[in-house]
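Turn these sequences into a full structure, and let the hints guide you.
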Amino acid sequence: MFQKMTLQSRLTSSFIFMGVLVLGVATIGWNGSNRLSQSIDTLGNNSLPSVAGLWKINEGQTQIESSERLLFDPNITDDERQAALERVDKAWKQIEAGFQQYEETPRGADEDRLYKQFLQDWDSWKQAHQELLRMEREFRQLNLSNPWEQQAELLTQNKQTPDKIAALNKALDLRQEMDIHGANREEPLFEAATDSVLKVIDVNERIAEESIKNANQAVNQATFSVLAGIIVGPTLAVIFGIYFSQTIAKPLGEKITGVVQRIVSSSTEIAVTVAQQERTATQQAASVNQTTTTMNELGAAARQSASQAELAAAGAQQVLKLVDGHSSHVSTTGLGLSLKESVQQMAEEISRLSEQTSQIGSISDLVRDLANQTNILALNAAVEAARAGDHGKGFAVVAAEIRKLADQSRKSAERINGLVSDVQKSTNSTVMAADEGTKTVEGIVTAINNITTNSQQISLTAKQQAIAIQQVVDAMNLIDQGALQTASGIAQTKAETQNLSETVLELRQIA
0 MFQKMTLQSR
10 LTSSFIFMGV
20 LVLGVATIGW
30 NGSNRLSQSI
40 DTLGNNSLPS
50 VAGLWKINEG
60 QTQIESSERL
70 LFDPNITDDE
80 RQAALERVDK
90 AWKQIEAGFQ
100 QYEETPRGAD
110 EDRLYKQFLQ
120 DWDSWKQAHQ
130 ELLRMEREFR
140 QLNLSNPWEQ
150 QAELLTQNKQ
160 TPDKIAALNK
170 ALDLRQEMDI
180 HGANREEPLF
190 EAATDSVLKV
200 IDVNERIAEE
210 SIKNANQAVN
220 QATFSVLAGI
230 IVGPTLAVIF
240 GIYFSQTIAK
250 PLGEKITGVV
260 QRIVSSSTEI
270 AVTVAQQERT
280 ATQQAASVNQ
290 TTTTMNELGA
300 AARQSASQAE
310 LAAAGAQQVL
320 KLVDGHSSHV
330 STTGLGLSLK
340 ESVQQMAEEI
350 SRLSEQTSQI
360 GSISDLVRDL
370 ANQTNILALN
380 AAVEAARAGD
390 HGKGFAVVAA
400 EIRKLADQSR
410 KSAERINGLV
420 SDVQKSTNST
430 VMAADEGTKT
440 VEGIVTAINN
450 ITTNSQQISL
460 TAKQQAIAIQ
470 QVVDAMNLID
480 QGALQTASGI
490 AQTKAETQNL
500 SETVLELRQI
510 A
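Be aware that the sequence shown starts at 0, since it is given in numbering that gives the first Met the number 0, and climbs by one per residue.
Simulated from the structure, these hints should not be mistaken for laboratory data.
Owing to the predicted nature of the structure, the values given are computational and were not obtained by experimental measurement.
Here a beta-carbon is modelled for each residue, glycine too, at the ideal position from N, C-alpha and C.
Errors might be hidden in some of the hints.
To be verified - Listed below are the simulated DSSO-like cross-link pairs for lysine-lysine, each with C-alpha atoms no more than 27 Å apart in a straight line:
{"#": "1", "residue 1": "K125", "residue 2": "K115"}
{"#": "2", "residue 1": "K125", "residue 2": "K169"}
{"#": "3", "residue 1": "K198", "residue 2": "K212"}
{"#": "4", "residue 1": "K410", "residue 2": "K462"}
{"#": "5", "residue 1": "K115", "residue 2": "K92"}
{"#": "6", "residue 1": "K424", "residue 2": "K462"}
{"#": "7", "residue 1": "K198", "residue 2": "K92"}
{"#": "8", "residue 1": "K115", "residue 2": "K198"}
{"#": "9", "residue 1": "K115", "residue 2": "K89"}
To be verified - Cβ pair distances, simulated, as ranges:
{"#": "10", "residue 1": "K320", "residue 2": "K410", "range": "37 to 47 Å"}
{"#": "11", "residue 1": "T452", "residue 2": "E340", "range": "21 to 31 Å"}
{"#": "12", "residue 1": "N30", "residue 2": "N498", "range": "49 to 59 Å"}
In structure tokens, the structure reads:
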């Protein structure tokens with residue numbers, strides 16, 4: 000069943016088991032500590048205060064009994080009597096404190112029964128004691144500290160008087176009554192009260208002994224539980240830790256290994272794609288550089304064609320002026336020869352212009368071929384970017400822009416071809432007009448006008464060629480920038496691929 004659980008469920012179960020184990024050990028320790036605390040509480044708050052209070056009562060009662068015996072001494076002095084009475088008062092204060100301390104402690108049923116019996120015996124003894132003190136005070140008021148000695152003295156000296164005899168007899172009777180009261184009543188009640196308080200003390204001592212016994216048992220059980228927890232707890236923790244680690248770590252390692260293999264495969268494929276894109280970008284850059292060089296040459300040729308066309312037009316204007324100025328002497332041989340030479344020179348210039356225009360057409364064809372090649376490379380880059388997935392999105396955008404620029408270059412090349420065709424047509428017309436001028440002088444004015452018009456058209460066309468060529472150069476520069484951006488993106492992808500490879504190595508170490 001544990002094998003079918005998910006990784007999260009396994010980890011949760013492991014921690015729950017360890018928590019239950021720790022809770023069990025803690026519960027055992029808490030139970031022993033609680034029992035020990037109860038025993039200590041019974042001793043500290045019940046047995047010991049009860050025994051201490053009862054011992055104060057018993058000790059005070061003993062001090063009172065001792066002081067009473069001193070008060071019965073016929074030879075006691077007034078100072079000794081006063082000291083004895085003070086000890087009695089002090090003993091009563093101690094007894095009151097003992098009762099207060101004992102009354103604050105809880106009592107069981109058996110102890111409460113014994114305590115009530117003690118209170119009855121105590122009250123009886125207390126009344127007998129107070130009665131005895133009353134007799135003692137009355138005896139002291141007679142000022143006959145030792146009536147037996149005074150009676151013997153009166154009999155010896157024969158100084159008996161009725162008043163003295165009456166006082167002496169009263170003192171003797173009171174003293175006898177005190178002795179009888181003390182011996183027959185106060186002392187038995189004292190013994191009964193002492194026995195009662197000792198019984199209550201004995202109950203509390205038994206409770207204290209039982210509490211001590213329970214405390215010792217609690218300590219022994221707690222010690223045993225702690226030792227068992229120390230031995231059994233870590234042992235079980237180690238056993239189940241090994242079991243859980245094997246059931247969790249092994250599947251986790253297998254999963255991590257699988258993930259690592261998939262990452263390695265993806266990383267290898269990305270590396271291949273990046274290498275292909277890098278080669279494509281390099282080819283694009285080389286094509287762009289070649290196209291830029293060719294277009295620069297084409298621009299120079301176009302500017303030279305425009306200059307030669309302007310020279311041809313100027314020559315035609317000059318011939319036209321000559322014709323206008325010497326129209327009446329057109330039949331003369333000198334003028335005819337001069338005009339013929341001028342026309343022949345113009346024909347030669349226009350022939351060279353036609354050759355250069357043909358060269359411009361060839362260069363324009365080369366530009367068109369380069370644009371088509373750039374377009375093909377851009378398509379390849381887009382395909383490789385699609386294969387690279389998310390890492391190739393930036394390359395796909397750059398490839399699309401390169402395709403647009405390649406289309407613009409192709410269209411500009413086609414436009415240049417059209418302009419070159421127009422120039423060639425105008426040039427051919429000019430050459431034909433010049434040839435006809437060499438054959439006949441009668442139509443020279445018309446031919447010169449045609450030459451002028453065609454030359455102007457050639458100049459205008461050449462200027463348009465220069466503008467179109469400049470546009471192609473600008474497009475090639477943009478393509479060059481796109482190729483640089485592609486190369487930069489490829490470098491960044493290489494770095495990310497390297498980081499991915501390092502991550503794979505770390506995952507392999509973990510697995």
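Okay, which hints does this one fail, numbers in order?
Violated hints: none; all satisfied.
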